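S.K.: Make a model of the complete structure from these sequences and hints.
Heads up: the protein sequence lines correspond to chains A and B, in order. Numbering follows this note's numbering, in which position 10 of the first sequence is assigned residue number 10; successive positions increment by one, without gaps. Numbering-wise, this note's numbering comes out as the position in the second sequence, counting from 1, plus 289.
To be clear, the hints were calculated from the coordinates, so they are not data collected in a lab. Any given hint might turn out to be false.
[Claimed, not checked] Far from chain B, by Cβ distances over 12 Å, these chain A residues were calculated:
#1 Arg15
#2 Asn22
#3 Gln54
#4 Asp62
#5 Gly63
#6 Gln86
#7 Glu107
#8 Lys111
#9 Glu201
#10 Thr223
#11 Thr251
#12 Tyr261
#13 Lys263
#14 Gln273
[Stated by the list, open to error] Quick look at which bits of chain B chain A covers, simulated, 3 or more residues with Cβ under 8 Å:
#15 311-324
#16 330-337
#17 356-365
Since we're looking at a predicted model, the values are computed, not measured. Note that CB positions come from ideal geometry on N, CA and C, so glycine has one too.
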Amino acid sequence: MSQPTLLNPQQFLARKSFVELNARERAQALLDEGSYRELLGPFERLESPWLLLQGVVPQADDGLIVARGKIRGADSVILAIEGQFQGGGIGEVSGAKIAAALDLALEDAKKGHPIQVVLLLETGGVRLQEANLGLEAIAEINSSLIALRHHVPVVGVIAGMVGCFGGMSITASLCSYLIMTREARLGLNGPEVIEEQSEIEEFDSKDRQLIWGVNGGEQRHATGFADYVAEDDVAAIKACINEAFGRGIPTRHRSEQVDDYLKRLAGIDVSYQLETSEVRKLWSNGENL
Amino acid sequence: MERHYFEYAASQPIKQRAHVGVVGSGDLEVLLEPSPDQKTHVTVITSVDGFGETWKLVMDRFFSRYRHAASIEIHDFGATPGAVALRLEQAVERSQS
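M.R.: Okay, structure coming up:
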């Protein structure tokens, strides 16, 4: 478990921001030099058939980059969601690209040729313009991921600034290992959605301290929902990915510990609003479960 | 959302296709490929309505300097004329590298 330490000025200036890169640049930055090869890239024009009908400009790769290559010499595939395009929303095409890539990785693993999988999650969940098709795509992604993770570890990275919400937060939680930056957020419902549905007294989406105290990378790590909290630095993210792959397939995935989590939830006093620090005490690191 | 189409006379073939940019706020994506004929074809899909004249001015200026025959597709999400010209420049540079 890596704990973040504050960078000195030299380290801060030497770092290469990962958050500032777009999805394609992120995939390129993580793969070994010269090994990057894109599958179903923009010139295949596998764009959403639904957006134009609703007057929304599509993106030629539907905001999902499938990149094959090597990570420290090992065959890998990176599935990178472009958070700048439609908030990283998952549509029929982008979702099918993820699910199909996971299925191919499973086929390869069964043939004795394991391929490391990295998911770069930058998404608000289902793309609302594609409603049910997006929901179904996420269900397919999740079932493919569950089948695959018993053969090869699947590493998720939430770098920010979009974060990972909605159905895709379930995908993040199904990953063998999850890496977050301090800037990143992970939650089922986004803060704005909770505020809209349950009034501002319940959750004030403008209160950054509250939001990061619940959804932020540091809190998610301290409460065992993320395995690593990394600096916003390409080398730091790479180091976490390498360490995660080095640990192999977890003996028990987080999502397989349902009874333990239910027991914990049952023990919480819900008559008052818990402070961030109390939650940390109650939900000390996931490994202690 | 609006579509625009522009056509220019061209002479030289381009070396390779190139893709730059993202369909994100204030940005655009450019797909540049070899043209099937001795012309440059530009198709624009933009999220912003009512700027056809501005698009024409930006394209006329750019293709008065650039004479390679290319098929260009632009997916725009509210980029400024400056950003459009820079992305086109970047795509051309990549296609020649």
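S.K.: Go through the numbered hints given earlier and state which of them the structure violates, listing their numbers in rising order.
M.R.: 2, 3, 4, 5, 6
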